[in-house]
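Q: What follows is each chain in one-letter form.
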Amino acid sequence: MSINPRELRYEVEELYYEYVECLDDDELERWPELFVEDCLYKIIPRENFERNLPIALMRCESKGMLKDRVTTVRETSVYAPRALRHLLSNIRIKGNENGQLHVQANYAVLETLSDEETHIFNAGRYIDCVVREDGRLKFKEKLCVFDSLLVPGSLIYPI
Amino acid sequence: MKRADGSFSHEWPAGYHRIPFWLYSDAEVYTREQQRIFAGPHWCYVALSAEIPRPGDFKRSVVGDKPVVVTRDKEGGINVVVNRCAHRGVQFCRRDFGNASDFMCPYHQWTYDLKGNLRGVPFRRGLKQQGGMPEDFKLEEHALQRLQVTERHGVIFASFDPHVPSFADYLGPSMLFYFDRVFDGRELRVLGYMRQRIRSNWKLMFENIKDPYHASLLHVFLVTFGLFRADQPSAVKMDETGRHAVLVSRRGEQKASEGTQEMKSFRANFTLTDPKLLTPVKEFPGDATVVMQTLWPNLIVQQQSNTLAMRQLVTRGPDAFDLLWTFFGYADDSDEMTLLRLRQANLMGPSGLVSIDDSEMMELSQHGIGQYPDATAVIELGGRDAQDEEHMVTEAPVRGFYKYYREVMGL
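So the protein sequences, as listed, match chains A and B. Quick note on numbering: this note's numbering labels position 35 of the first sequence as 36, and the sequence is numbered without any gaps. Quick note on numbering: this note's numbering labels position 345 of the second sequence as 350, and the sequence is numbered without any gaps.
Just chain A, with the same shape it has in the complex (with noise of 0.2 Å):
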């Protein structure tokens, strides 16, 4: 990738951007779409990521895989509505090789249910890695590494 870092960075931010447009405002369908075919997308405790355990609260091992999650999400899953909201911050490119970008970032979601005020429900931060595909970035893979171990009530959407 020849580009400006001004430019890269940019459209890097753009795409962390989209991503959490998707899930924030409930067009989940546009989620798997920003990442190629054959991706990786695992959610996994701190706990796990350090002590080298590969258990995942989800693993998705293609595209097809978060096309499956969604459709769970709309028409399996039995919940409670609740209203998700990503916070992003220190989005760092941490390295640049062979077309394959390996990118960084903070993140907090925030979750209102009924009858509950708004709570912080997950933090932590993504682990990734973004590849170019038809013109515009994509993840390849993306890690989401969250930072305490017990999760309140249920992971249902994609983080």
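Simulated from the structure, these hints should not be mistaken for laboratory data. Only a predicted model underlies this, so the values are computations on that prediction, with no experimental measurement involved. Beta carbons are placed, not taken as given, at the ideal position from N, Cα and C, and that holds for glycine. Honestly, I wouldn't trust all of these hints.
Partial chain B-side listing against chain A, Cβ under 7 Å, derived [said to hold, decoys possible]:
no.	residue
1	V187
2	Y198
3	R200
4	F226
5	L277
6	D279
7	A336
8	D338
9	N351
10	P355
11	S356
12	D362
With the hints as your guide, set chain B onto chain A.
A: Structure of chain B alone, referenced to chain A:
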């Protein structure tokens, strides 16, 4: 809610096919449960042996709501001690896992060995002939409180009650058979942890896994793909007391039957874009492809296809509990088998395509139950008693649970 003589002012109708809702919110009931159930003559799951393989390894765990530490001593023995300094009650162990030669309380540096024996007390003899412990102070009288410990095939249980029966007697032959089906003596390999706090009474978790009725109705995913469904060969079994149970079933296909007409969640046309998730391989003897075992009072052993997990319950007051998931496989698993286990874990845990429904439903139950202590649940599917069945159109294991619960609780 309690009278001066210790009895409860609420009434519980005779039998165990009606469950009064005050059981799920009353603080006095919760206190008695801690005393008679979690500190009573019962084996509580605390750890897998594979989590503390080497001398000096330790793990923090919980019995009921009481913090404990599980250690492996220098001789290779397993010890479970309270995580509470004998001096002033400080929770001295704050790391979830680790390796140590001893434990030192950070407050006044009382030091214990891995078996909980008190080894040292600073300023015991005083300084410059001043202060110090009394002459008759004996280290051996101030050890950490130790729990009874038993291990079977790599699974560690503890009990506060010295009169707890042997583990084999505690489970009974039929439950031991199902326990040994998953824990057959092979070395286990921990694949990782998940944890969630569910804002409902802990008993609702056991009811959920003892209730095959809901599984065929609530869980679109299980029903549609035939992973667990009432029209498949199934059974519910209990031990003699009714406190432990298994739900056993065999995987079927995604096709309509007489039974699916009443299952609104059956979707004949629902397919996965990437069906990797639904390609389990047979690995246990016999026909069963799913066995969910509930072991009184704090463990669910999950075997759904190739995903294996311990689900440990930690009570957090009458209206909340933590569910601690330890996913595992076997040390001799091939990489392909490990990958299947990781993949199928998508079904379970706080984001599980199946278990999301349950955790959400338990919280909804508590919302309904909590404010109506005088109402009761109706548990009559399959009759009013609690016996084994070769089908799953029954709530018998829930009745079995409450049959034993009433005895233990004196309610």
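Q: Run every hint past the structure and note whether it holds.
A: Here's how the hints hold up against the structure:
no.: 1; hint: V187; verdict: 17 Å, violated
no.: 2; hint: Y198; verdict: 6 Å, holds
no.: 3; hint: R200; verdict: 5 Å, holds
no.: 4; hint: F226; verdict: 5 Å, holds
no.: 5; hint: L277; verdict: 5 Å, holds
no.: 6; hint: D279; verdict: 3 Å, holds
no.: 7; hint: A336; verdict: 14 Å, violated
no.: 8; hint: D338; verdict: 12 Å, violated
no.: 9; hint: N351; verdict: 6 Å, holds
no.: 10; hint: P355; verdict: 4 Å, holds
no.: 11; hint: S356; verdict: 4 Å, holds
no.: 12; hint: D362; verdict: 5 Å, holds
The structure fails to meet hints 1, 7 and 8 from the earlier list, while all remaining hints are met.
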